[in-house]
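Asks: Protein chains in written order, with the numbering used here: chain Z, 1 to 117; chain L, 1001 to 1841.
Keep in mind that the hints are not guaranteed to be accurate.
[As the list claims (entries may be wrong)] Under 7 Å between C-beta atoms, here's a sample of chain L residues computed to sit facing chain Z:
#1 Pro1034
#2 Phe1035
#3 Pro1065
#4 Leu1069
#5 Trp1070
#6 Ala1722
#7 Pro1799
[Unchecked claim] Straight line, CA to CA, 20 Å or less: simulated EDC-like cross-link-like pairs of lysine to aspartate or glutamate:
#8 Z/Lys66 / L/Asp1081
#9 L/Lys1768 / L/Glu1644
#10 L/Lys1734 / L/Asp1665
#11 L/Lys1635 / L/Asp1561
#12 L/Lys1646 / L/Glu1720
#13 L/Lys1723 / L/Asp1806
#14 Z/Lys73 / L/Asp1081
#15 L/Lys1729 / L/Glu1656
#16 Z/Lys73 / L/Glu1440
#17 Z/Lys73 / L/Glu1745
#18 L/Lys1269 / L/Glu1540
#19 Z/Lys66 / L/Glu1074
#20 L/Lys1294 / L/Glu1644
#21 Z/Lys66 / L/Asp1806
#22 Z/Lys66 / L/Glu1099
#23 L/Lys1294 / L/Glu1074
#24 L/Lys1391 / L/Asp1460
In short, the hints are calculated from the structure, not lab data. Think of the CB as a built atom: it goes at the ideal place given N, C-alpha and C, for glycine as much as any other residue.
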Amino acid sequence: MKFLVAIILTSLLAFISGLFLPWWGIAIASLLVAVLVHQKAGKAFFSGLLGVLFLWAGLAWWIDMKNNGVLSKKIAAVLPLGGNGMLLVLVTGLVGGIVAGLAAMSGSFLRSKESVR
Amino acid sequence: MKLLKNRMQPGFIVNFLYLFLSFTIILPPMRIVPFLISAVVTAGVVFVLDKQWGKIPPMGKFLSPQHGLWQNAEPASQRFDADLSFPDLRGKAEVYFDERLVPHVFAENDEDLYFIQGYLHAKFRLFQMDLQTKAAEGRASEIAGAKAINYDKEQRRLGMKFAAENALKEIEKDPAGKILFDAYTKGVNAYIGSLKASALPIEYKILNFKPEKWTNLRTALLLKMMAKTLSSGTEADLANTNAKSVFLPEELKLLYPQVPDSLVPIVPKGTMFDPPGIVPVQPATADSLYFGNKQTVTAKEISKPDIHNGSNNWVVAGSKTLSGSPILCNDPHLDLSLPSIWYEMQLQSPSGNAYGVSLPGSPFIIIGFNDSIAWGVTNAQRDVKDYFEIKFRDNTKKEYWFDGKWQPTTQRVEEIKVKGSTTVLDTVAYTIFGPVLFDESFSTELSTKRNLAVRWTAHDPSNEGMTFYKLNRAKNYAEYEEAIKTFECPGQNFVFASKAGDIAIWQQGKFPARWIDQGLYIMPGEDSSYMWQGFIPQAENPHSKNPERGFLESANQRPVDSTYPYFIPGSYITPRGATIEKYLSSMNGITPEDMMKLQNNYFNLLAEDARGILLQFIREGDLNATEKKYLDIYKKWDLMASPESKGQTVYQLWYESAEREIWLDDLQRVNPQAPWPGGQISMEVLKRDTAFKFIDNINTPQVETLYDAVTTGLKKASVELAKLEAEGKLEWTKFKDPTVLHLLEALPAFARKGLHVGGGWDIINAMKHTHGPSWRMVVQLSTPTEAYGVYPGGQSGNPGSKFYDDYIDTWAEGKYNKLWFMREGDRADKNIKWTMKFSKE
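With the rest of the complex left out, here is chain L (with noise of 0.2 Å):
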């Protein structure tokens, strides 16, 4: 979205043309025209400075120093400390705030506590809050305007906002938790409140629209928001239904493996598991039904999150540290934004003492640690989406065949307010699996008549925060792992160490027990048998405490090897897993440096697997001389993907490039489109096999070979990157552009592009394009708690403060904050800059 065009609006040519009109004639001596003629030009010129043109904001409002812009051009003196008192509190509390902004909060109850959480979140980062959950509800048109549309239709027909509502209803199950999420509530609407118009976030001044009231509903959205960025898209359903329309079930299994060859497992290989305590049995019908059915689908979804949101964790245990104490790391990888995703902040009450980053929008801390505790997660990559093919009765959609009779849908009736348009009404259905996500009325192609109802973990009730309520105050391993068996969606790798000296990893989730291939395609959904039959029990998800080695970790990878009794599908990274098993492995005497070292690691592994390949397969000879140059800087490489690194350019696109060659001409035969084989499919399948019938390219009468495929990729590979040469971006880091975008993307001047950041989402420091690292945090359990952390960021949501994006320059030269873990008695402190003390009075 561009604001504002540099051009005159049409308010100024009236004037300048009345303004040159009064001065040459003269009406005397009736000057009551020239007075109303005046007035109404004055008023006019008001009228349209006072409205919004467009993507123009209010310009009048938006400049007045006293009302606009100006207003929130923070000084850079700027003090925090305040008196406050709201009704809704019970006791006394203080926030003590560091040099960096970090608030200690210190309250006398939980509640309180909450209050102040929620009210502090407001008043740093409301803009995002309201965003981020006004987007999850399928309400982004009331900002964006009509462009937004579909989006908000996707949204509500993956039934977002019947996910929060299930969420909501499951809180209001729990009084005593209740209570905790009133008061997040309670505080971020007493800082709404206290809110005067001059001092809205700069962002409302532009779109010109004003916070809504927050709710306990929105809280959920938030978190389902979480959940559809880790959850949604880890599954391939529709572009594998249309793989399966056209390869066969061999060919299949060679480009879309379960079991990677090159997985290192996070649960440490040789591991027993128990025998399932669920065995799901495949229906009778899925020969001819589910596995012979070649139908294809032309339905996308449109805003499927990143396959590559993805994150690092591991821990090491007091035998491989120097100190003796464990290290635990993590570093979740994410779309960067800015105002950033967390707010780091320390939480203190009578109940708990927890330090870490939050996400504004929701109570308690998410990562982090306390006294005697850390712990960290990672996503869990695991399929818990399917779609059902629903047969109805007529277009009403107000019936759906299901196990031999007519059954009756649910419908909701779906109003989507629009900016400067008309209100869009859609109706969708919902069925015994969940709502129909695609239909005739809603799909990016309306080609398609395929009604798809989508079963998805996120909309079954459950309660997420009470997982980090409790984690907050964990004091050992059993208190960790009761705080997390009640975790549902998204699915995470909860990784643990204690001052004890324990260290585990529960790769925790509310997962379907599938029977074989169950639920890689399109099922159908017109009767009970291809329904999930039931859930992994709890206790079998994969875990692991205190192993002989001394370390876990977990980065997206699948989370077991083929010894796991249960089909676990899932969207699973696995070159970084592998790297960092490969360091830690190999190193003893660990200190929290090093750590910091290993979250900054460049080593590109896959790159080493592939060199080779790509040197043994080259037709040296039949290169030009431009190409011999890429090949030269290529030899010459190190294997790391550092922010200068040329070879990492060169190796990533010929590697890209070689890629094509190989798969492109199969995969094109899939029409809409089949899922790429993932990242080091093409290097485990060369690995077997170095003339596999996908390399020879159907497309000519010759028979290609490796040898082809190699030469022919560099050979496409140095035109693209001669012209990058010419650009002056044969750099990693210039090629990529690391950039930290505004959650506005239309806002470039809100963003911080440019940064110079290596790595990759293959690479341990995952930073892509405009994704990656988005907080890392090392904590070693030592008494006294040593422990770092960074954000791309800043602590202030203001674009207008000096704290906007403080930590991005130390986030992107790989240095950390210390984390200053307050006591009781450290209020009186030099850490401390600014106190705001709230109370009831």
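Bound-form chain Z, shown alone (with noise of 0.2 Å):
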């Protein structure tokens, strides 16, 4: 349950902070979510990075299907990704869910001497 609930907080403090932040606010809102929602760091990491994921693969794929793929193809034949902008939107979803979690764990440690569970 913990573990929904820090993913859904995560994608939409991550998604407030696009608005005002630079692209790395993703990193805040999942430390901030993993502070308030404390967990191990393993199930933090992993929220935080699932958390991003759906947002980053998420918009990315509306923009893309609203878009009909005109752009992603092209970028991801720069990439090279082969020209697969499905690739693109996953991609996209995996380098900011790392981030993320990454922030998320590093949360996690941060109310480490409370007991977990």
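Mind assembling these two chains? They're in different frames, but the hints should get you there.
Replies: Structure follows, in structure tokens:
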């Protein structure tokens, strides 16, 4: 349950951070959530990762759909991801997710003295 | 520049390592250590993803859906309506976009009109404006890094910024005109000022830099970049100098004739010319110091424009059209790029109403029409750039020998900032002739010790922009003539037609009056005797109005025949003009559709000329089966350079191969290089004499004849052709691979390759590999005006927009968009898709 709440909160807070902060606002958002909703480091990592992965991949997918994939297939040829726009959506989610996961883990360690679970 | 290699970033590896450790090594109960490690690693990853690594953009920022590339993925249903207010505006204005995203701007005054033009250019084309003007100024290294240093040095040594500064001074002399340039600049900056980082064009995100504020100087720089493209590559002084060191005067005349036999000039043959207003005199020392100087030169320009930069325009009078109204046509040939070089728009204010294409970075419509007239341009191809050899007192370059004494130079210290490296300083000495382009500290070949100053008309103060301001508003022939009078560089063929029924053409520019052969080679620069003695009076520039035959055309050929009383060298292109003339002279009852077909015509006139000679001199008995097969394809060829034509490919390779058999051995006597005899020259020489001396290969003991050149030519070409055939590239379009590149050539994903287009440099449809018709326009001056146009691109510069390249297929198929000339009464027309409102408050 906590895990799910952390994921949803991370997504939400990361989205709001994106409106006001540079891209690395997701790290702050994810760290904050991990402090508020305390879990063990490993779990915190994955909730942070999934929270932003869902957010970034979700947003990218939504934008890509409205764009009819015009840009993603070009960028996926530059990057190079074989011109596969869906792969670019996935990579987008993963990169954001990893940053958020690490930040969440840091947040978890910050409240380590208290009992977890 | 290849972006982003397929490899893991070091940051990731550290991370995964740490993750692994953190799950296996537990350090209870002191969690401060893991926190610190974790926080440092997180910060490290953020740092790595926030920074550009070589060509890899900052990936965190780049991938973030709220900041990076995804923000450039424009929804297919995007609306462009807006309500905007800027304190710099004076009144209200509306911009109506039609379904092709062409803006029709209606403003209450000219200042607001050009403010909005600037705003729209920036909104849809900011990156290209910014990049092109930075490149013009010699600042490419700031974006591309150390590999662009020599390019930047050359731009600065050619005096590009110096030229733009002189143009700016001229702009500022005319307060009424300056207001328009100021308004345009304010409009560009109004957009840049409102731009959020997330809305930056994607190229900025990939290259990780930011747009710079616009200035009138940058507008001047853009126009000077056009001047360079069109009037800097039209001379071959350095290569000619080397050729002169080897060939005899009569050989030079044969190789590089001034008036080609097959010339069909712009001004109809038989036109009488006035006696010259100025008669330049050859210096007394010319035979010894100039013609007799056999010294070679190793210096070479790095970014010399393509000599096939050209264009077509023509106009037919009402006497030859079905409607009885004149039809004007234009297709300028340039390096095709995405975003496109042109931006289509309509600009209306109380002072005028013009439709056509504009150059992002400059106000005004450059090629187009209004309610009364239409105009178009092709390049004059005239040589307006000469080199003078400078003798410096010492290597401080502070003084040079001129007219019997040491004169001071003016020195400009050029500071070239380099991305990822230290700033480079380069001192450029300016003489009475102009900047010293080549000296010991700048040359592609360090062995060069010759100091060469460049005299180029683009350096002279002039205000080309105002010609377009006036043309946009001209109502008749007199106003057109008045508008173009002050246009100096690059020399252009301004074609004209009016609803009153007039047709005309002027080759307009500031052209030096030269004594015969002046400036073909490097000239002595130690006194004033070799300097230009004056300019051809403007009224004597080649022109023609309402000729009896009812049409006029220009296609980069020599503008006049040998009766014109001036020596006018240039890099002229002969076959296209002759082809256009062949068609127009036989056509009657012409419709706009006929003209569209002509702009897309594939007939190869030069090949028709060559056919007799190739077939007469081929020794069929000496050919093997493969060679015979290609000869057979050639024999069946219809002389059309159409996309699927195999005959065109066979012909092209065979002809070029035979030309090499004839010329290469002789030209190789010149070190480092001699100019290649232009397009139709081999054919002209052969028509006069099929046994002229250059046919013999001087490197063999026996004497070769034309039979050998033609037969060996086909044998060698066949090897190449067989290779092409094996790769499936025997069809002309497959061989040529017509491509529209993105401005950053390293981004093939943003380009359009493999377009199904035929043509060539000497064909009316002049599409080469990446160079060709950049805007095709056909305007019938009937009431109402009937206009058609298309360019290989789209209105939006954003690769993430459906408007980025939506005209390319239309263009490739030879089809056109109907141009909607909107009027006051059309403000509620169904063609209007979006409206942008501008106001002061």
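Asks: Each hint: holds or not?
Replies: Hint check results:
1. Pro1034: For L/Pro1034, the interface hint holds, since the closest Cβ of chain Z sits about 5 Å away, which is under 7 Å.
2. Phe1035: holds (4 Å)
3. Pro1065: holds (4 Å)
4. Leu1069: holds (5 Å)
5. Trp1070: Hint holds; L/Trp1070 Cβ to chain Z Cβ min 5 Å, cut 7 Å.
6. Ala1722: Hint violated; L/Ala1722 Cβ to chain Z Cβ min 32 Å, cut 7 Å.
7. Pro1799: Holds: closest Cβ of chain Z sits about 6 Å from L/Pro1799, inside 7 Å.
8. Z/Lys66 / L/Asp1081: holds (18 Å)
9. L/Lys1768 / L/Glu1644: holds (15 Å)
10. L/Lys1734 / L/Asp1665: violated (31 Å)
11. L/Lys1635 / L/Asp1561: violated (34 Å)
12. L/Lys1646 / L/Glu1720: holds (13 Å)
13. L/Lys1723 / L/Asp1806: Distance of about 35 Å is beyond 20 Å: violated.
14. Z/Lys73 / L/Asp1081: violated (28 Å)
15. L/Lys1729 / L/Glu1656: This hinted pair holds, its Cα atoms lying about 18 Å apart.
16. Z/Lys73 / L/Glu1440: violated (48 Å)
17. Z/Lys73 / L/Glu1745: holds (18 Å)
18. L/Lys1269 / L/Glu1540: Distance ~16 Å between L/Lys1269 and L/Glu1540 Cα, so the pair holds.
19. Z/Lys66 / L/Glu1074: Distance ~8 Å between Z/Lys66 and L/Glu1074 Cα, so the pair holds.
20. L/Lys1294 / L/Glu1644: Outside the cut-off at roughly 48 Å; violated.
21. Z/Lys66 / L/Asp1806: holds (17 Å)
22. Z/Lys66 / L/Glu1099: Roughly 19 Å separates the two Cα atoms, so the pair holds.
23. L/Lys1294 / L/Glu1074: violated (61 Å)
24. L/Lys1391 / L/Asp1460: Not OK: L/Lys1391 and L/Asp1460 at ~24 Å, beyond 20 Å, violated.
Checked against the numbered hints given earlier, this structure breaks hints 6, 10, 11, 13, 14, 16, 20, 23, 24; the rest are met.
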